[in-house]
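Protein chains: 2
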Amino acid sequence: MAKSVLFLLSEGSEEMESTITIDVLRRAGLNVTVAGLQGAQPLLCSRNVVIKPDVALEDIKDKLAFDAIVLPGGNDGAHNFATSPLVQQLLKDYYNEKKLVAAICAAPTAIIAAGIHKNGKITSYPTLEEKFTDYQYQQDRVVVDGNVLTSRGPGTTFEFALSIVKYLVDIETTKKVAGGMVLTNDILATL
Amino acid sequence: MAKSVLFLLSEGSEEMESTITIDVLRRAGLNVTVAGLQGAQPLLCSRNVVIKPDVALEDIKDKLAFDAIVLPGGNDGAHNFATSPLVQQLLKDYYNEKKLVAAICAAPTAIIAAGIHKNGKITSYPTLEEKFTDYQYQQDRVVVDGNVLTSRGPGTTFEFALSIVKYLVDIETTKKVAGGMVLTNDILATL
Numbered sequence: 001m002a003k004s005v006l007f008l009l010s011e012g013s014e015e016m017e018s019t020i021t022i023d024v025l026r027r028a029g030l031n032v033t034v035a036g037l038q039g040a041q042p043l044l045c046s047r048n049v050v051i052k053p054d055v056a057l058e059d060i061k062d063k064l065a066f067d068a069i070v071l072p073g074g075n076d077g078a079h080n081f082a083t084s085p086l087v088q089q090l091l092k093d094y095y096n097e098k099k100l101v102a103a104i105c106a107a108p109t110a111i112i113a114a115g116i117h118k119n120g121k122i123t124s125y126p127t128l129e130e131k132f133t134d135y136q137y138q139q140d141r142v143v144v145d146g147n148v149l150t151s152r153g154p155g156t157t158f159e160f161a162l163s164i165v166k167y168l169v170d171i172e173t174t175k176k177v178a179g180g181m182v183l184t185n186d187i188l189a190t191l
Numbered sequence: 001m002a003k004s005v006l007f008l009l010s011e012g013s014e015e016m017e018s019t020i021t022i023d024v025l026r027r028a029g030l031n032v033t034v035a036g037l038q039g040a041q042p043l044l045c046s047r048n049v050v051i052k053p054d055v056a057l058e059d060i061k062d063k064l065a066f067d068a069i070v071l072p073g074g075n076d077g078a079h080n081f082a083t084s085p086l087v088q089q090l091l092k093d094y095y096n097e098k099k100l101v102a103a104i105c106a107a108p109t110a111i112i113a114a115g116i117h118k119n120g121k122i123t124s125y126p127t128l129e130e131k132f133t134d135y136q137y138q139q140d141r142v143v144v145d146g147n148v149l150t151s152r153g154p155g156t157t158f159e160f161a162l163s164i165v166k167y168l169v170d171i172e173t174t175k176k177v178a179g180g181m182v183l184t185n186d187i188l189a190t191l
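As they're listed, the protein sequences go chains A and B. According to full-length UniProt numbering, the stretch in the first sequence is residues 1 to 191, in order. According to full-length UniProt numbering, the stretch in the second sequence is residues 1 to 191, in order.
Some hints could be false.
If several chains are the same, the list does not tell them apart, and a pair holds so long as it fits within one copy or across any two.
Unchecked claim - In silico DSS-like pairs for lysine-lysine, Cα to Cα no more than 30 Å straight-line:
| no. | residue 1 | residue 2 |
| --- | --- | --- |
| 1 | Lys92 | Lys176 |
| 2 | Lys52 | Lys3 |
| 3 | Lys63 | Lys52 |
| 4 | Lys118 | Lys176 |
| 5 | Lys176 | Lys131 |
| 6 | Lys176 | Lys3 |
No wet-lab data here; the hints were simulated from the structure. Quantities reported herein were computed from a predicted structural model and do not represent experimental measurements.
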């Protein structure tokens, strides 16, 4: 049975990071649920693209029934994740249950807020590096350390999503999905 | 005054190609209107991401008041563009008025259907090459020939969008927008 992913979408989330990740994971056969932090209505993303979540986060009965939780960036969206008691609790629970916690761009700041993965390896949008004083900050495009997978920005999202596929599925599926998308050679070389 | 872009979105459009293009053009300061072929309600894209257009295409009074028309791929979405009398007329009008016509992935097949740009240079999603018998088919990731700009798939969309920015705005803006997105070096090298 395919693994499942809880993808959080907020007002102010980065729409490229959201769409690329959701789409790539679905191409790999993962069951992705797009859960809206502010509800199931269409949400205004960071550059005014309006994306409708599949469901309101609060309406999901068993919020720990997924194999992974994934957070897109966007400054305002990430701020909402970092200040939502529900999201903060989910990050702690997924982390402590050794399920995958993945975040890109500004969203790793929600990992700081949750107080998890301290002293672990992590990355984020480059200008946010100074916030990660309690972590081993990396400048790699994707960082996988234990069950925490982080990445840097819109231009690293294909690598971020493919790394999640590699983590949750397998390298053959990752290469097959990558091969259908006309990616650049230097992205393909990282697989 | 910023130039304006009419971005067509259909049921079945490729959501990565749509979102990356809209987002990057807005980062460059272009005025992008996302026009829904089936109306202004949320539209189900190719991998079940639901995007709400800004407006219904049919409700735009002056449909030729933009500096460019841009079409995302996705097999079903592109088929809808190729079979819509309204979209076909718009493609002819934008082409004949020497405004930019840009299409990616499967969407260049809508250019074939419109009968425009014959014998011109063009590209598309790789597996569709055989359909372009009346064109000079190229295997480059982005092809600009006169006022027609085409590209190949999800993994070429950043280059596609940045090429539109370079065409409509300038290279300085293109480099500035690219620099903020943590793109791979081989994409940056093409600018």
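Results for each hint:
Within a single copy, lysine 92 and lysine 176 get their C-alpha atoms no closer than 33 Å, and across copies no closer than 37 Å, so neither meets the 30 Å cut-off. Proximity of lysine 52 and lysine 3 under a CA criterion of 30 Å is satisfied in both settings, with 22 Å inside one chain copy and 28 Å between copies. In this assembly of identical chains, the alpha carbons of lysine 63 and lysine 52 lie at most 30 Å apart whether taken from the same copy (19 Å) or from different copies (26 Å). In this assembly of identical chains, lysine 118 and lysine 176 lie within 30 Å of each other by CA distance neither inside one copy nor across copies; the values are 35 Å within and 34 Å between.
Proximity of lysine 176 and lysine 131 under a CA criterion of 30 Å is satisfied inter-copy only: 24 Å between copies versus 37 Å inside one chain copy. Taking identical chains as interchangeable, the C-alpha atoms of lysine 176 and lysine 3 lie at most 30 Å apart only when both belong to the same chain, with a minimum of 17 Å there against 39 Å between chains.
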